[in-house]
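Number of protein chains: 2
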Amino acid sequence: MNYTFADRMQKIRKSFIREILKVTGQPDVISFAGGLPNPALFPVKEVADAAAKVLAENGADILQYRTSEGHRPLREFISQRYRQKGLDIPPDEILLTTGSQQGLDLIGKVFLNRGDRVLLERPSYLGAIQAFELHEPDFTVVPLRDDGIDTEALAAEIQRATPKLMYTVPNFQNPSGITYSAAKRLKTAEIMAETCCIVAEDDPYGELRFMGEHLPTMRSLLPDNTVLLGTFSKIIAPGLRIGWICAKPEIMERLIIAKQATDLHSDALAQWTAYQYLLDNDMDAHIEKIRDRYKRQRDLMVEMLAAHCPPEISYTQPEGGMFLWVTLPEGMSSLKLFDQALAEKVAFVPGHPFYVDGGGDNTLRLNFSNSDEERIEEGIRRLARVMKQSL
Amino acid sequence: MNYTFADRMQKIRKSFIREILKVTGQPDVISFAGGLPNPALFPVKEVADAAAKVLAENGADILQYRTSEGHRPLREFISQRYRQKGLDIPPDEILLTTGSQQGLDLIGKVFLNRGDRVLLERPSYLGAIQAFELHEPDFTVVPLRDDGIDTEALAAEIQRATPKLMYTVPNFQNPSGITYSAAKRLKTAEIMAETCCIVAEDDPYGELRFMGEHLPTMRSLLPDNTVLLGTFSKIIAPGLRIGWICAKPEIMERLIIAKQATDLHSDALAQWTAYQYLLDNDMDAHIEKIRDRYKRQRDLMVEMLAAHCPPEISYTQPEGGMFLWVTLPEGMSSLKLFDQALAEKVAFVPGHPFYVDGGGDNTLRLNFSNSDEERIEEGIRRLARVMKQSL
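Taken in sequence, the protein lines are chains A and B. Under this note's numbering, the residues of the first sequence are numbered 78 to 468, in order. Under this note's numbering, the residues of the second sequence are numbered 78 to 468, in order.
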């Protein structure tokens, strides 16, 4: 039979990352490709205790249909945590989602008509590109500099393209590891305040800051325009798929309708379990442990790159998060390097797919969160060897 | 700030049912409104045991990012169960979703452009209407008769409207409780076989048959055109949000891409827990228990309606599922009756929202799965009283 699919299916790309993870999954490959947290840090025992407790105490409630908004006490916990950071976001302005990926899907549903302009950082997160592509927007991009988006280019592009939505990851961006400076945040907010453009601020890594100070969210600088996305994937565990989206009531009302139509509600067992885990454990102490470990892994990766990489190759030194971004000399292809590296049993993500407008062929992403120190040492040695051969 | 939302948000309706559930939630109201399974039958202890076991044995695996397709052994289990019923659906043609509601969302994403025609039964399931509305289709409807869809009208409407997608619930339909006869299934398949129209066959209640024989699925009669949706919501528990969608490889490939973009994957804890539950327990025995209970509740509701309702009022006598469908005399409004009934502390769902083309004002839906016998007796007595007063 000849199937006629929706037009959007011609345009949307299969997740390149999920595809290469299939290739890099063999145990003898040292993979810096995935965007995975370190499973050694998952609070398995604590989560098991929490699940047992909530099922014993409220089993039938948890197993019944629940509200689309999500488990209220968990939304209150998130609200409270924002309050401690000086952000006033009441629980009614927080919707629980199936990971923050679903938050992106819901934002697309609520805001995007076919052909609407979406402004992305260049490079940008692949999952967001995919989620928005479902709505067949026109993408426009503004380059990232070392201290965040190029605000002059942003101002010009806002004038030229009048985007409806801007997608940004101000902290330890995926894929580049770049963080907006305080000045860049202020300037971005100033530019955006004069527009009707919605700022989708994705903050999956904000808690994973190893050095420097926490900087203000776009949400705090631009509360009405900003939809803020958060997640427990990087500070508890991603398999539970608990993210959230914060938005003003007028937007929230639509997000809830979209959520109803999308899956009625997210799994209740995961939500109740996560909340019980947070009640019974010290999340800050746990986050501290993650930070320490990731910082050590980052430091080692940077050290190894400094010691072994040819000088023609540059890389970011992120203040947090899970990724380093490597730039090869102009004209050198990271896609070709990928094949050579895989032959040497080391893997990364080539940078090209993060550029919706093409380019980035000489860039690549390295994940440092999901490899122990031994593998980082050996993996970067292998990678440096392949780089030298290719130069 | 003035927000500009996507066009679809003007059209999509808030779930009327979820709204009235807020009104009918008080403990002194006897509610036949919700579409909830009976929580007394949830296998709480067994689910808790399963969760404890999988977290103890595979905790870190479960808490990590997983594949978009879902937990493979669970997909194999579902495949095996179909095989026992004579349906050949390999695990690769099964995608796990966040409830079957998400299956509907993914079908919309993969097939529907704005303005495409979607053919619905009249009346039709509200959740499906909502999910498809996100893609701004044109709906067209074909009436249900006592033994399934009006196939003459279906043939004519297929000719006239050339729909791209047909949505059908052949077993114990929500809201009407109607089941397609064997002859109607064959005739429907014969009509659809000559089209390129995709048949989305939603089968949430198929296992809940109290009397008569299981009848062939549309999928078995029309394998290439049919996308079959299933769920554990009615036979284990809805809070876990585990549904699935079966489709031929060419369609499945697109569904997986849409799933990646939508939420990467569904909660892994629920998937692994459900699989372990199925391994360690006799699901057929459990389903038998649900069937017995629901049959008793249905019988009692029918009995009470026969004994107390004015003769001008008719109702379906479903062979399974969770709903009865009541038709009031022409000109009598179930919306008005709803207010009067609520004053008497009994609730139902007025039929109007299930008709995308308007009408159905004199119909209403009664749920019998979520009320024990005492509440059914008292609730139908109250409802009959209100009906008599209104006549």
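Do not take every clue at face value.
You can't tell identical chains apart in this list, so a pair holds if it fits in one copy or across any two.
[Claimed, not checked] Simulated pairs of lysine-lysine, DSS-like, Cα-Cα distance not exceeding 27 Å:
#: 1; residue 1: Lys325; residue 2: Lys99
#: 2; residue 1: Lys162; residue 2: Lys372
#: 3; residue 1: Lys422; residue 2: Lys366
#: 4; residue 1: Lys162; residue 2: Lys366
#: 5; residue 1: Lys413; residue 2: Lys465
Just so you know, these hints were derived from the structure itself, not from any lab. Here the structure is a predicted model, which means the values were calculated and not measured.
Structure-based check of each hint:
1. Lys325 - Lys99: Intra 40 Å, inter 22 Å, cutoff 27 Å: inter-copy only.
2. Lys162 - Lys372: within (22 Å within a copy, 55 Å between copies)
3. Lys422 - Lys366: Neither: 30 Å inside a copy, 54 Å across copies.
4. Lys162 - Lys366: Cα proximity of Lys162 and Lys366: one copy only (20 Å, versus 51 Å across).
5. Lys413 - Lys465: Intra 13 Å, inter 79 Å, cutoff 27 Å: intra-copy only.
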